[in-house]
Amino acid sequence: MPRANPPGGLCGIRPGVKLSIIMSSKYLDLNRRKRTTALILLSAVMIVLVFVCLFVGSSHMTLAECFDALFKKGSASQIRIIWNIRIPRVLAAVIAGAGLSVSGLIMQTDLNNPMASPSTLGVSNAAVFGANLSIIAFAGGFLSTGNNVNSYTVGADPFATSFMAFVFSALSVALVLGLCRLRSFQPGVVVLAGIAIGAVWTAATTILQFYATDVGLSAAVIWTFGDLGRATYRTDLIMAIVVIIGIAFFSVISWRFNALLSGDAAAKSMGIPVERLRAISMLLASLITAVCVSFLGIIGFVGIICPHVMKKILGQDHRLAIPASALSGSILLLLADTLSRSIGNGSALPVGAITSLLGAPFFVAVILGRRRSSL
Amino acid sequence: MSLEINDLRFRYSPKGPLVLNDIDMRLEDGEIGILLGRNGSGKTTLFKNIIGIEKPESGSMDFFEKDLLKMDRRERARLIAYVPQDIHFGELSVFDTVLAGRISYFGFRTGRKDEEAVERILLDMGLEDLAFRSVTDLSGGERQKIAIARALVQEPKLLVFDEPTGNLDIANEQLIIEEARKASREKGIGILISLHDLNQALALGDRFFFIKAGRIVKSGGRETFTEEMIKDVYGADVRIADVDGRKIVISSV
Numbered sequence: 000m001p002r003a004n005p006p007g008g009l010c011g012i013r014p015g016v017k018l019s020i021i022m023s024s025k026y027l028d029l030n031r032r033k034r035t036t037a038l039i040l041l042s043a044v045m046i047v048l049v050f051v052c053l054f055v056g057s058s059h060m061t062l063a064e065c066f067d068a069l070f071k072k073g074s075a076s077q078i079r080i081i082w083n084i085r086i087p088r089v090l091a092a093v094i095a096g097a098g099l100s101v102s103g104l105i106m107q108t109d110l111n112n113p114m115a116s117p118s119t120l121g122v123s124n125a126a127v128f129g130a131n132l133s134i135i136a137f138a139g140g141f142l143s144t145g146n147n148v149n150s151y152t153v154g155a156d157p158f159a160t161s162f163m164a165f166v167f168s169a170l171s172v173a174l175v176l177g178l179c180r181l182r183s184f185q186p187g188v189v190v191l192a193g194i195a196i197g198a199v200w201t202a203a204t205t206i207l208q209f210y211a212t213d214v215g216l217s218a219a220v221i222w223t224f225g226d227l228g229r230a231t232y233r234t235d236l237i238m239a240i241v242v243i244i245g246i247a248f249f250s251v252i253s254w255r256f257n258a259l260l261s262g263d264a265a266a267k268s269m270g271i272p273v274e275r276l277r278a279i280s281m282l283l284a285s286l287i288t289a290v291c292v293s294f295l296g297i298i299g300f301v302g303i304i305c306p307h308v309m310k311k312i313l314g315q316d317h318r319l320a321i322p323a324s325a326l327s328g329s330i331l332l333l334l335a336d337t338l339s340r341s342i343g344n345g346s347a348l349p350v351g352a353i354t355s356l357l358g359a360p361f362f363v364a365v366i367l368g369r370r371r372s373s374l
Numbered sequence: 000m001s002l003e004i005n006d007l008r009f010r011y012s013p014k015g016p017l018v019l020n021d022i023d024m025r026l027e028d029g030e031i032g033i034l035l036g037r038n039g040s041g042k043t044t045l046f047k048n049i050i051g052i053e054k055p056e057s058g059s060m061d062f063f064e065k066d067l068l069k070m071d072r073r074e075r076a077r078l079i080a081y082v083p084q085d086i087h088f089g090e091l092s093v094f095d096t097v098l099a100g101r102i103s104y105f106g107f108r109t110g111r112k113d114e115e116a117v118e119r120i121l122l123d124m125g126l127e128d129l130a131f132r133s134v135t136d137l138s139g140g141e142r143q144k145i146a147i148a149r150a151l152v153q154e155p156k157l158l159v160f161d162e163p164t165g166n167l168d169i170a171n172e173q174l175i176i177e178e179a180r181k182a183s184r185e186k187g188i189g190i191l192i193s194l195h196d197l198n199q200a201l202a203l204g205d206r207f208f209f210i211k212a213g214r215i216v217k218s219g220g221r222e223t224f225t226e227e228m229i230k231d232v233y234g235a236d237v238r239i240a241d242v243d244g245r246k247i248v249i250s251s252v
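So the sequence lines, in the order shown, correspond to chains S and G.
Just so you know, we're using numbering that gives the first Met the number 0 here: the first sequence kicks off at 0 and counts up by one.
Just so you know, we're using numbering that gives the first Met the number 0 here: the second sequence kicks off at 0 and counts up by one.
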């Protein structure tokens, strides 16, 4: 953030000169302007990508046709493509991208761990297990049980798998946070408990998959690929409610996260109820992740890449980092979705795979960057 | 009497050993109290109890005749501020880092009053040139000063320092000691500080508390500084000499 500012260089004040009362107001004005500029820029990029995402697809509609369809003109199929397929998809990218990114940011601050992400608490692993259980043991829904080919197309409740994924994610969060309560939510304990519980879900998934039929196994594996194509207006609405409430809440208490950056002891001495803050914000961040993952499958690395890039560029002030991470998460997911549909040659590649592909090199860059700076 | 602690007992787990045992302590308004003892004797634990990070098993703690144990977190933060041994900051500007210290006043949104309070402290401490820089770019001594500024902006009546000079060179050590003295003299803030350097302690303190295995074994003015007391508390042989009317502790080794 203000890293680039020379000492006293801002506002044209020379070092050594005693500043007047104007100091803070000038600084604050500049800070506010910087915040507004950054958010306007990110919003503009996001809006452009929303339209790119709306207008790019395998149906090869022209720009004019897309616009017509957007205003409910043109052929019925074109209107259906825009309104029933692309808009729910774009909304899912915007909502889930923002939710996953902010969840990652909050977890990193809460746990004082730059590599913390929704998977730290085993949320994603638990969702995979829940979905696998639903698909393999209940054939994708509760209306018919058994493991036969027909069950996947006949009588499957589309919400059953998401519901099971959510139940197990929530269970995992409750389990990890319950265990951590015993140790006053010490960040190290939360991370280790999350890794351990996550490993249990992965093992249980492997065992489940071992007994699955070929069809059941492929259906279960396909579910784990993050896919925005599953989104409907209904799922978007549910995700939006949770994500908006979560981000609004985190924004209101952004100064508490800033105080938490000073460490537990200092934050407590400033009057912050650190354990309560950590428990509530971890729970809410996990809930956001659980809802998104349950409806869309695993979309990796958004919760790590976006907050890191934003913190590197804009600093760690949560008043800015929260909205900036939300917008950058939406941007990344929109970008990944557009890419996945552009290079998929007619069929969309799983968006989770694209975000992971973008994430791996970033991880390496962060690790190398840290090594270099520590030498 | 600003701080009065009676029969304070503390243990980290219900079946664990007593870490603080029948602590009695008194510090007058604006006094500089120095806590002296070996590593692991309970100094940091006592501080954590005073600032409310840990809760004692029994005993009482009053601050200006108010029960600290029944006090709301935010109210306590406005009375007692803490400069921890290990200082961490996020990637915030110096101004925002210090502003975070006002959170017990503003709660959710900073106001003009908070910003002015930060400005005043930065000007008082001569830190105005650093105000717009990131705390990650600062030296150890500067970071220590920012931590003090953040504590002072809480407008406390007592400032608790946990071994503030541990990792600093002599110039920065003197700087921190001077800041503590200034806070006490100019703002009338009571100071409670733990130090390892006995000569530094003698130069700074009004009242001394010798702690050994979780007990205050002796407290009082400079007269408590005897070769026997230091031998008892630290297990170290020293000689105490008088140089220009000042007591000096000299190691016998």
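These are calculated hints, taken from the structure and not from any lab test.
Predicted, not measured: the structure shown is a model, and the values here were computed from it.
Hints should not be assumed to be uniformly reliable.
Straight-line C-alpha distance at most 16 Å; calculated EDC-like pairs for lysine to aspartate or glutamate [said to hold, decoys possible]:
hint : chain 1 : residue 1 : chain 2 : residue 2
1    : G       : Lys230    : G       : Asp243
2    : S       : Lys311    : G       : Asp136
3    : G       : Lys181    : G       : Glu74
4    : G       : Lys65     : G       : Asp28
5    : G       : Lys156    : G       : Glu227
6    : G       : Lys54     : S       : Asp213
Listing some non-contacts, in silico: residues in chain G with all C-beta distances to chain S over 10 Å [to be verified]:
hint : residue
7    : Asp85
8    : Glu90
9    : Ile239
10   : Ile249
Distance ranges between label pairs, derived from CB positions [stated by the list, open to error]:
hint : chain 1 : residue 1 : chain 2 : residue 2 : range
11   : S       : Ala195    : G       : Arg8      : 52 to 62 Å
12   : S       : Pro360    : G       : Asn20     : 14 to 24 Å
13   : S       : Arg275    : G       : Asp21     : 55 to 65 Å
14   : S       : Leu38     : G       : Ser59     : 44 to 54 Å
15   : S       : Ala43     : G       : Gly125    : 40 to 50 Å
16   : G       : Ser59     : S       : Thr205    : 50 to 60 Å
17   : G       : Ser12     : S       : Ile279    : 43 to 53 Å
Virtual Cβ for every residue (Gly too), placed ideally from N, Cα, C.
### Task
Hint by hint, work out which the structure violates, then give me just those numbers in ascending order.
1, 3, 5, 6, 7, 8, 11, 12, 13, 17
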